[in-house]
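Protein chains in written order, with the numbering used here: chain Y, 25 to 234; chain X, 5 to 197.
Just so you know, these hints were derived from the structure itself, not from any lab. Treat each hint with caution, since some may be false.
Said to hold, decoys possible - Listed below are several chain Y residues computed to face chain X (Cβ distance under 8 Å; list not exhaustive):
(1) Ile51
(2) Met53
(3) Val57
(4) Phe67
(5) Leu102
(6) Leu172
(7) Ile176
(8) Ala196
Only a predicted model underlies this, so the values are computations on that prediction, with no experimental measurement involved. All residues carry an ideal CB built from backbone N, CA and C; glycine is no exception.
Here is what each chain is made of, one letter per residue.
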Amino acid sequence: MAEVQQQEQGSGKKHKKVRAKKTSTHIDMTPMVDLAFLLLTFFMLTTTFSRPKTMEINMPVKDAKEEEQQKVAASQTLSVLLTEKDRIIWYMGVDDPAMPPQTNSATFSLASPNSIHKVLLEKNQRIYDQVVELRKQAEKESWPQDTLKARIARTKADKKGLIVLIKSDDKARYKNLVDILDEMSVCAIGRFAIVDVTPSEQELIKNTNQ
Amino acid sequence: MTPMVDLAFLLVTFFMLTTKFRPDEPVIVDTPSSISEIKLPTIDIMTMTVDKDGRVFFDMDGKANREQAIRKMGERYSVQFTPEDIKRFSVLTTFGMSIQELKNWLPLKPEERKKIHDEGIPIDSLNNQLSDWINFGRHANPKYRIAIKGDQDADYPTIKRVIAILQDNKINKFNLITSLEAEGEPVAVAGKK
C-alpha cells in the first residue's frame, strides 16, 4: 500500500487533488466488522443469564421448650420417609412404636400410579382448591401481588390442614429433599417440617424394602 | 452494511457490560432443580457448598468481612496469617480446607493451588471449623443470608450435619440454592436415573 501511495505522489499533485474530491471516503470496514462479530459471538456464548434460584426454608427452633412445641393431631399428620434409590415411604398418623402404622410406598415420578404428588394432593385437596380459587379471583380482580401472597399464606396456615413431616434417612440423596420441598409448594402445603428419623421408623423402612 | 455494524457493536457493548465472569470455583456442583422462582440476592450472601463426595466448602462476600473473619479464625486456632495472606484471602471466593491448611495454601500461586486436593472444611463436633467461620462471618456482617448449595447427589447426612450446625448457631432460616426446572419437564420427575 505504501508503495502505491508513493508512486501516486511521484506522478504529480494536480491529478491527486482532483481525484481526492471524487473518491468517496469509504474505508474498508470488513476487518472491524469481523472483529465485532467475533466479540459478539464470544460474549453471547459465555454469558449466562440465569441467576441461581433459591428456596427459603424455616426450620423449627431446636431447643424450644416442651410446652411451646405444638402438639400435632395424629389424624392430620402425614409422615414422608425418604430413603435410598429415590423411594418414598409414607404413612398417616404419628410414629408410635407400640402400634406400627400402615405404610405405603410411593415414588417421585408423576407418571407412576402411586406418585407422592397424587397422595399429597388428595390429602390436601381442600386447601389446594382454595388456593387455586384465590389465584383465579386475583387474576379476575387484579389484586396486587402482596395481597395474593398474604391471602395464600393465610389459607395455607389453616389449622385443620395437612401437616407433613419430612424425614430423610442416611441413604437418601439431597435431591430427594429438594424434590419433596418442591412438592410442598406445588400441593399448597404450608405446614411441614424437616425432622429426624426415629429408630422405629428405621425399622419401618427396613420392613418395607422390597 | 452500516446499520448492521451499528447493531453488532450495540450488541457487543451490551454483552460486554452485562457479562460478569464467574470466579474460579474449586468444585463444580450440580444443583437440583426446583420450581422455586425466588432469585438469590447478589450481595450479603454466605454460601456453604456440599459436593457429592460430602466435602463442605465455604464462601462469603465482602472484602472487609472476609478479612475480619480470617483474622478472628487465626486468633481462635492460633494460626499466624501475614497481612499478605489476609489480603489474598479477601479477594478469593470459595475455599474448602481447614484453617491450618489454609495457611500453607494462601501463599501458593493460582496454578499451584489448583493442584491441591481440597479436603473440605472440618465439620465434626471435635473440630467444627465451619461453625466458627459462620459465627465470625456473621459477626463481621450480621446481614448475611445463609445459603446451602448442595449437589443433587450429595448424601443426606452431610446436609443434615450442615443444617444442624446452622441451627446450633441459631440460624433457622436459610436458602437452598437450586436451578430452575427445565421448561416442559413435569415437576418432580426427579430421581429417574
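Going through the hints against the structure:
{"no.": "1", "hint": "Ile51", "in the structure": "12 Å, violated"}
{"no.": "2", "hint": "Met53", "in the structure": "6 Å, holds"}
{"no.": "3", "hint": "Val57", "in the structure": "5 Å, holds"}
{"no.": "4", "hint": "Phe67", "in the structure": "3 Å, holds"}
{"no.": "5", "hint": "Leu102", "in the structure": "16 Å, violated"}
{"no.": "6", "hint": "Leu172", "in the structure": "15 Å, violated"}
{"no.": "7", "hint": "Ile176", "in the structure": "15 Å, violated"}
{"no.": "8", "hint": "Ala196", "in the structure": "4 Å, holds"}
Checked against the numbered hints given earlier, this structure breaks hints 1, 5, 6 and 7; the rest are met.
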